[in-house]
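Trainee: Chains as they are written, first to last, in our numbering: chain V, 250 to 655; chain Y, 250 to 655.
Treat each hint with caution, since some may be false.
Just so you know, same-sequence chains aren't split out, so a pair can sit in one copy or run between any two.
Restricting the straight-line Cα-Cα distance to at most 27 angstroms, the calculated cross-link-like pairs of lysine-lysine (DSS-like) are [said to hold, decoys possible]:
no., residue 1, residue 2
1, K331, K538
2, K476, K602
3, K347, K277
4, K277, K538
5, K453, K374
6, K347, K592
7, K331, K570
8, K352, K277
9, K648, K538
10, K330, K612
11, K453, K559
12, K648, K478
13, K330, K584
14, K608, K478
Hints were generated in silico from the structure; no laboratory data involved. None of the values given here were measured: they were computed from a predicted structure.
2 protein chains.
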Amino acid sequence: MSNCIIAQSGGPTSVINSSVVGLVQANKDIKAFDKVYAGLNGIEGILNGNIIELSAFSEAELNTFRYTPSSGLGSCRYKMKKLEESSSEYDMLLEILKANDIKAFFYVGGNDSMDTISKLGDYTKKTGIDIKFIGIPKTIDNDLMHTDHTPGFGSAAKFIATTTLETYLDSSVYINNGIFILETMGRDTGWLAASACLARIDNKQVADFIYLPETVFDEDNFLEDVKNKFIENNKVFIVVSEGIRNAEGKFISETKKQAHDKFGHAQLGGVGNYLKNLIISSGITNRVKALELGVLQRCAIHCASDIDLKEAFEVGYSALKFALEGNSGYMVAIKRESNSPYKTSHILVEANKIANNVKYFPKELINERGNNVKEEAYEYFAPLISGTPSLVIDNNLPKFKTFNNA
Amino acid sequence: MSNCIIAQSGGPTSVINSSVVGLVQANKDIKAFDKVYAGLNGIEGILNGNIIELSAFSEAELNTFRYTPSSGLGSCRYKMKKLEESSSEYDMLLEILKANDIKAFFYVGGNDSMDTISKLGDYTKKTGIDIKFIGIPKTIDNDLMHTDHTPGFGSAAKFIATTTLETYLDSSVYINNGIFILETMGRDTGWLAASACLARIDNKQVADFIYLPETVFDEDNFLEDVKNKFIENNKVFIVVSEGIRNAEGKFISETKKQAHDKFGHAQLGGVGNYLKNLIISSGITNRVKALELGVLQRCAIHCASDIDLKEAFEVGYSALKFALEGNSGYMVAIKRESNSPYKTSHILVEANKIANNVKYFPKELINERGNNVKEEAYEYFAPLISGTPSLVIDNNLPKFKTFNNA
C-alpha cells in the first residue's frame, strides 16, 4: 500500500488543523493509504525533507490538534518558480514524494497554494507521474472564487461579530460618549468587515458604518456621515477594513514606509488610527478610540464557530475521497444548497481557476452611500457562525498541540 | 419599607453587571428593601435624577444583564468636590436619595469610587443622616488594596492568557519566525501583564519575557535579552504592560502629545509599537509584530472566567447584607482562605483605605533581571480563571441587555 501527505501554506486560521484531522479520519475510515504523512512548513519544509508520520499519533493527540488554532504543521509563503523558468524544484519535490511512496498530496491553503496545486497537477499529468494533487481551502479572508465560503472565515466572522458587540457596549457607557473604530483584516476584500453586520442588539445592527475595500473611500463623505451621526446619537461605532482605498485605488493607510510581503502584497494595518486622527483633526470630537483586531481574527479559536470547525474537517475528509476517485489539480469547494435548513455539498474546482483570483464582496450588497452593507448580507453570514465547539481544556485554558516547532 | 440604590462608576469590566444582579438577588431573598433602584451613569446621573427601578425587571432580563459586559447601568468619571470646598453636591445627592426613600447606596467601582463612598459615609455620619454607603469592588487592574483580588480581573486574566496562547501559536508557524509583542493594559500595576504567565504549553510558559511597571524598564537590557533569545529560538514572545517606565519614572510610551484623563492619569497605549520600532532599529530583525489588546481586556465576556462572574455576583450579594447590618463607608473585600481547594470569604475594609491607594504586583514575584515573573505567581492567578460560564445566546452570539442608552 502507498502513502499520502498533507501540508499547510499561507496565513493561519483558527480551524486549519481541523481539515488535517478530517483527512486523517477519512483515511482511517476508508483505509486507502498505509500512512498519512505531514510535511512541516509546507512545500518549503518538504523540500528540506521535513516530514513526519501523522497517522502514528494517538486519537487524543489528534483530537487536541483538531481544536488547536494556527498552522500546527507549520506554514510557508513559498512560491514555486514557473515551469518554463525551471523544473528543478518540481523534480526535487517529486523525487521526495516518490521516495516515500506517496501517491496523493494535499495542500491546505489559499489562492497562492492553489497556484502550487495547479502547477504540480499540470506537471505530473504532462510527465505521466501518478501522484494526485488536491487543494483544501482555508482563509479567513473568504476571497477564494468558486466556493460559497472558505473554512476559517466563519470563525473569524464570529470573533468579529462578538467583539463588535462587546466593544460597542464598552464604548457606550458614559453620558458623553465618543467614537469607536474597529479595524478588521481584509486587504483586498470586505468579507471580514462586512461580517460585523451580524452584531445586533434587539435586532438592530450596532455598527453605524461599515467600510469595505470594494467601494471608493471618500474622506469628505466619511467626515460628513460621522459628524451627522455623532450629533444625532452622541456616539458613533465604525467598522473598517484595513484595505479601504481612495479614488486612485491607493490604500488609505498606505505610507511611504509601507512594507511589502514576498508576493508584493502591501502589508497594511493602521487605517483605524488614520481615521481616528482624521476625525480629531476635523474637530468633531477628540474622544475617539481605534482598535485593531489584528491576528486574533485568525487564531481566536476560543470564539470559533462550530459549523466552521466541522466544515473544515469535512473538506479535509472529502479531499481524500476525491483523490481516490483519481482527481488531480483541483480544490475542494463548498456549495451552499440551502439556507434554511443550512445545507452544503462539496464540488471540485480546477485549482487554476482559484489561483491568483479574488472573490470580492458583492457590490449589490453594499448600500448606495458606500458606508454600510445591506440587510440581505445578514442571510449569507448568519449560518456560518453556528454553534459553540467543545475545545479540549486543561487548567481552565484551551489545550493546544502542534507538530511544528511551536 | 424603604428602598436602596446601586450605581456603577469608572472603567467597565466584563462582570460588573453580575455584581448588580447579585445585590438584586440578595434583596429578593432577604426582602430588606421595597425597591432596588439603579442610578444611571453613576453619581453624575443620579444628580440629574436619572434613576430606574431595577427590581421591576423580569428574571429573564436580569439574567441576560448578568451576562452582559461593560457598565450596563452606564458609568461616569465624576469626582466629588472635597467637603471643605463645598457641600452643595453632597446635599443635593442626599436630597435625591431622601426623596426616593433610599436607605442604602451601593457603588460598584475602583479606588476613585471608594473615595466617593468614603466621603459620603463620613458626611452622613457627621450629619446624622441614616443612609448606608457600601462600595462593591470592580476593576480589571486588580490594584485595590486590602482585597485578595478584584472582580473583573479574573476574566481579563483569562482573556489575556487565552490570547497569549493563540497569538503565540500564530507567531510560530514559519521556518523563520519573528518577534511578537502583546501589549496589555495596566497603567500603574503589572497584574494584567503578569497573568500571561498562565499561558503554558506542555507546562512551559510561552511568554519569553513579561515586563511590568513595577520594575524599571531598561532599553539596553531589553534589547540584549531579546537579541539573545532570538538567536537561541528564532522567535521571541513578549508581553508588556502599557505602564512600563524608565529609571526616571517616565512612561516609555509617553510623548509630548499624551492626553490625560479627568483625574490627571496619563492615557497610555502604544508601548508595543514603541518596542517594535526599537527592535527593528536595533537591527535584530524587522519581522516584529505588536498587538494591543485594548478594551477587549475589559469587555470580552465571551472569554470570561466563571469564578469571576460568580465572585462578582457574591460581592454584590454581600454588600446588601453588610448594609443591613448597619455598616457604612466600607468596601466589600475578598479574602482568600485557601488555594486548594480555592476558598474565599468577604470582609469589610474602610473605603478610605482603598481610595487613592494602589496595590502593586509584589516585587518578590518578579525575577532578578526584571524581565519575567517567578513561578510562584502562577499559584496566585490559577484559581481566578476557573470555569466557563453559560452566556445567554441568541442567533449564535451572546445576547446582551443594558439599562443605559446603549
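Trainee: Decide, hint by hint, whether the structure agrees.
Mentor: Hints, verified against the model:
1. K331 / K538: neither (46 angstroms within a copy, 32 angstroms between copies)
2. K476 / K602: neither (44 angstroms within a copy, 44 angstroms between copies)
3. K347 / K277: within (22 angstroms within a copy, 74 angstroms between copies)
4. K277 / K538: neither (51 angstroms within a copy, 40 angstroms between copies)
5. K453 / K374: neither (54 angstroms within a copy, 47 angstroms between copies)
6. K347 / K592: neither (39 angstroms within a copy, 61 angstroms between copies)
7. K331 / K570: Close neither inside one copy (29 angstroms) nor across copies (76 angstroms); limit 27 angstroms.
8. K352 / K277: Cα proximity of K352 and K277: one copy only (16 angstroms, versus 69 angstroms across).
9. K648 / K538: So K648 and K538 pass the 27 angstroms test across copies only (24 angstroms; inside, 33 angstroms).
10. K330 / K612: neither (35 angstroms within a copy, 55 angstroms between copies)
11. K453 / K559: neither (29 angstroms within a copy, 30 angstroms between copies)
12. K648 / K478: This pair counts as between: shortest inter-copy Cα distance 25 angstroms, intra-copy 44 angstroms.
13. K330 / K584: neither (32 angstroms within a copy, 65 angstroms between copies)
14. K608 / K478: neither (32 angstroms within a copy, 41 angstroms between copies)
Going through the hint list in order, the structure does not satisfy hints 1, 2, 4, 5, 6, 7, 10, 11, 13 and 14.
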